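There are 2 protein chains.
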Amino acid sequence: MAAPQYKLTYFDVRGRGEAARLMFALAKQDFEDQRIQGGLATVKSTTPQGFLPVLETNEGKISQTTAINTYIAEKFGFMPDTAYEKAQAISVMLTLNDLTGRISSQLYMPLVYKVMPVPEDVEEKKKTLAEEINTCLAFIENLSNSGSKFIFSDKISVADIFLFTIMETQRQVLPELNSDNEWFLKSV
Amino acid sequence: MAAPQYKLTYFDVRGRGEAARLMFALAKQDFEDQRIQGGLATVKSTTPQGFLPVLETNEGKISQTTAINTYIAEKFGFMPDTAYEKAQAISVMLTLNDLTGRISSQLYMPLVYKVMPVPEDVEEKKKTLAEEINTCLAFIENLSNSGSKFIFSDKISVADIFLFTIMETQRQVLPELNSDNEWFLKSV
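Same order as they appear, the protein sequences are chains B and Z.
Add 1179 to the 1-based position in the first sequence for the working numbering, that's all there is to it.
Add 1179 to the 1-based position in the second sequence for the working numbering, that's all there is to it.
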């Protein structure tokens, strides 16, 4: 059997790896889904920048979530067509990536993974982050084409897929932060 | 006179806006270079996400530095050709953007702009960030094609231009963090 053309290395969670996995699945493209169990230290020296996810391709390794997702989207038809919509797809991904980083470090780590103490101002943090989620979703709603099924058109793009994976995780692990924003509901 | 097709709004510094300005200049494309003087508050309500830079186009406003730079690069021929190299260009820009954010908040703000107190551990921070610069440049060097004039080929790309603007600023405002890495020297 030939070596798989693509190998995604990430933790055994959805997080920043799930959009890549979903795009491979939607494209019916085989890939090696390496989910590390022993912590970052077990693979750190093999990563380009010391962090995950990393996508290994026949051309080399790619790091940075948005770079990985852009690559798979370009290869398998999940990138919107115009330069403007491509840029907005990247803007959406970067904004969601920043947001999920703040939710993860401030809430998931202490409350869900329990790898750090629960901060004293946890209720305040929940309130602030729930507002940030709404702001982010309003931004996405505002740049979307009204009447289209997905953000840019009736064809799903990498931005829709990333939005879905981030919001679906958030809905499951901290449902109290949920939003009734239209794009949240569309995405889940 | 027709309204300019592009308007870039940013602070009156190079920072995250200079690569966009340089690409317009290299492409001989007129644009309105709006440099705000009164602080973010003067334009915040007109931005998509409350931060700068923002690029206004005939299709709409784009926020997020890497999204803006990708848009201009796609429009004016500064994006590398393959999906793999495009992804690596985005990875380089995101890595440099993260790095310059840390340098800016930890060193430029207190030492250069003097808008916050100098931290007690400033020498430690300088050492750590100088190491991070070297790590970032080693990452770029490692993914570059050996023997090529620029990162991906002999043709300049948005990644080279962003690298130049970030490193040139760093060299001028905090020369003590300088690196002798080949890609630093190539870029300035």
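Honestly, the hints are just simulated from the structure, not real lab data.
In this text the structure is predicted, and so the values were computed from the model without any measurement.
Where hints are given, some of them may not hold.
As the list claims (entries may be wrong) - Lysine to aspartate or glutamate pairs mimicking EDC-like chemistry, simulated, CA-CA at most 16 angstroms apart:
#1 Z:Lys1240 x B:Glu1320
#2 B:Lys1254 x Z:Glu1320
#3 Z:Lys1254 x B:Asp1260
#4 B:Lys1240 x Z:Glu1320
#5 B:Lys1304 x B:Glu1355
As the list claims (entries may be wrong) - Label-pair distances were calculated between CB atoms; the ranges are:
#6 Z:Ile1215 x B:Ile1215: 44 to 52 angstroms
#7 B:Asn1313 x Z:Met1288: 25 to 33 angstroms
#8 Z:Val1294 x B:Gln1213: 29 to 37 angstroms
#9 B:Gln1184 x Z:Leu1219: 40 to 48 angstroms
C-beta atoms are modelled at their ideal positions from N, C-alpha and C, and glycine is treated no differently.
Hints and how they fare:
1. Z:Lys1240 x B:Glu1320: Distance ~14 angstroms between Lys1240 (chain Z) and Glu1320 (chain B) Cα, so the pair holds.
2. B:Lys1254 x Z:Glu1320: violated (25 angstroms)
3. Z:Lys1254 x B:Asp1260: holds (13 angstroms)
4. B:Lys1240 x Z:Glu1320: holds (14 angstroms)
5. B:Lys1304 x B:Glu1355: With Cα atoms ~12 angstroms apart, Lys1304 (chain B) and Glu1355 (chain B) stay inside 16 angstroms; holds.
6. Z:Ile1215 x B:Ile1215: 44 to 52 angstroms: holds (45 angstroms)
7. B:Asn1313 x Z:Met1288: 25 to 33 angstroms: holds (29 angstroms)
8. Z:Val1294 x B:Gln1213: 29 to 37 angstroms: Since the Cβ atoms of Val1294 (chain Z) and Gln1213 (chain B) sit about 44 angstroms apart, the hinted range of 29 to 37 angstroms is violated.
9. B:Gln1184 x Z:Leu1219: 40 to 48 angstroms: holds (45 angstroms)
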